[in-house]
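There are 2 protein chains.
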Amino acid sequence: MENIEILGLVAATLTTVAFVPQVYKTWKNKSVKDISLSMYTVLLMGLLLWIVYGFYINSLPIIAANIITATLSVLIVITKIEYK
Amino acid sequence: MENIEILGLVAATLTTVAFVPQVYKTWKNKSVKDISLSMYTVLLMGLLLWIVYGFYINSLPIIAANIITATLSVLIVITKIEYK
Numbered sequence: 038m039e040n041i042e043i044l045g046l047v048a049a050t051l052t053t054v055a056f057v058p059q060v061y062k063t064w065k066n067k068s069v070k071d072i073s074l075s076m077y078t079v080l081l082m083g084l085l086l087w088i089v090y091g092f093y094i095n096s097l098p099i100i101a102a103n104i105i106t107a108t109l110s111v112l113i114v115i116t117k118i119e120y121k
Numbered sequence: 038m039e040n041i042e043i044l045g046l047v048a049a050t051l052t053t054v055a056f057v058p059q060v061y062k063t064w065k066n067k068s069v070k071d072i073s074l075s076m077y078t079v080l081l082m083g084l085l086l087w088i089v090y091g092f093y094i095n096s097l098p099i100i101a102a103n104i105i106t107a108t109l110s111v112l113i114v115i116t117k118i119e120y121k
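Chains S and W supply the protein sequences, listed in that same order. Take 38 as the starting number for the first sequence in my numbering and just add one per residue. Take 38 as the starting number for the second sequence in my numbering and just add one per residue.
Keep in mind that the hints were calculated from the coordinates and are not lab data. Just so we're clear, the structure is a prediction, and the values are computed from it rather than from any experiment. Note that beta-carbon positions come from the ideal geometry of N, C-alpha and C, so glycine has one too. Hints are not guaranteed to be accurate.
[Said to hold, decoys possible] Some, not all, of what chain S presents toward chain W, calculated at C-beta under 10 angstroms:
hint : residue
1    : L51
2    : T53
3    : F56
4    : V60
5    : K62
6    : T63
7    : N66
8    : S73
9    : L74
10   : V79
11   : M82
12   : W87
13   : T108
[What the hints assert, rightly or not] With a Cα cut of at most 30 angstroms, we get these calculated BS3-like pairs of lysine-lysine:
hint : chain 1 : residue 1 : chain 2 : residue 2
14   : S       : K121      : W       : K65
15   : S       : K65       : W       : K117
16   : S       : K65       : S       : K121
17   : W       : K117      : S       : K117
Could you build the full structure based on these sequences and the hints that come with them?
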């Protein structure tokens, strides 16, 4: 694997796993007042388009990274709606 | 411009502007308790790598989208540290 592909993979991994601490904090504290529901709604729309884009250009990293981030975002939206 | 490029541009725009409502909410309410600092720290590291990746493959959309998202994330980190 070329260096640039490794760089892309590490970048994708970081921008994906970054959402885990927010999901954990939200789930643990059941406190969501400061979290913007519109952020995660707009983000989800973008992530879904990235997944379509990934399938279109047949790129597993783009598909996988955005499915994981979308799943984490859905968890935050659910917690936000539940503990509003 | 091909359809697939338009799809990528719309996806990039959504996942970038998504952070604006969070910046606004955080700045307006000066309340950051529920926001995960580790999320935005890890996200920033990933975004910086995406910017390097964008320069490496000479992709203006990747460079621009990630510079904007990184700037918005820095604003959230600053507000988080200030109003902790």
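Could you work out which earlier hints the structure fails to respect and list their numbers in ascending sequence? As far as the earlier hints go, only 13 is violated by this structure.
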